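Peer 1: Sequence:
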Amino acid sequence: MGLPVISLVGRPNVGKSTLFNRLSKSRQALVSDFEGLTRDRQYTEVLLDDDSETFVTIIDTGGLTNEVNEIDSGIQGQVLNALEESDIIYFIVSARDGVIGLDREIGAQLRRLKKKIVLVCNKAEGLDLSLAAEFYELGLGEPILIAAEHGQGIEELIDHTLPLLPQVTDDEDSDDDVEGIAVAVLGRPNVGKSTLINRILGEERVLAIDLPGTTRDSIYIPFEREGQKYTLIDTAGIRRKRSTHEKIEKFSIIKAIDALEKSHVVILVLDAREGVTE
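Add 137 to a position in the sequence shown, counting from 1, and you land on the number used in the numbering used here.
For the record, the hints were derived by calculation from the structure and aren't laboratory data.
Note that this is a predicted model, so its numbers are computed, not measured.
One should not assume that every hint holds.
[Stated by the list, open to error] Simulated pairs of lysine-lysine, DSS-like, Cα-Cα distance not exceeding 27 Å:
| no. | residue 1 | residue 2 |
| --- | --- | --- |
| 1 | Lys253 | Lys162 |
| 2 | Lys366 | Lys162 |
| 3 | Lys162 | Lys252 |
| 4 | Lys253 | Lys399 |
| 5 | Lys366 | Lys399 |
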């Protein structure tokens, strides 16, 4: 897309999606006090600084774990793709939890990358920098203390980031989260929406495994084909209301309906083996 790219990386439930929403001034990413809500990488273009009219692309990623299963392996693959695209990496840790073993493992992996890394210490309400000294052991420099939920420390984070950004040409601009023709992909859980999107894009852009409910958020994916810009929107599977009980699933359906309203074209995916259901 031409703009500098910043990815948000860390273990589950440290506030990556909250920071994503804070920077994008939106509620685009699902946020709740549950681990593992974000699974695919979520993109948005952001006016990071009004004075310098600096635009960037922010990528929210799923939480990294050391679990060995199909979903977590898929998330790790999505995060690695985001890291490759990034000019700057925000490594998010939690001031409430302090440094834990998984933070050390992730930090060690990030240090091997030839990328600019900003250590972001979230959930730091009322915490003095001197009390955050333990985060220096991660070997990633001085932590930037923020409380994304309340907007504290965001200006300091942006001020720290601006000098690290690569230069972009004047003719590169930013649009909303929907670029060009918006195409939403809707359907019941596990009918192959994410697989279809990956096939269209020719890459494993979204997590697609044979488990219902793998996609929880609406994922906006800008791409270009023969000079025409599109935004594909992968949505969570929609079930009948009486089958929907979990709070997370209800939020996911709200996000899917929102994606539908933003779209110019909707692809309804059905399972040919099951036919049309209620």
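Peer 1: Are the hints correct? Go through all of them and say.
Peer 2: Consistency of the hints with the structure:
1. Lys253 <-> Lys162: Between Lys253 and Lys162 the Cα gap is close to 24 Å, so the pair holds against 27 Å.
2. Lys366 <-> Lys162: holds (24 Å)
3. Lys162 <-> Lys252: Holds. Lys162 to Lys252 sits at ~26 Å (cutoff 27 Å).
4. Lys253 <-> Lys399: violated (35 Å)
5. Lys366 <-> Lys399: Measuring from Cα to Cα gives roughly 15 Å; hence the hint holds.
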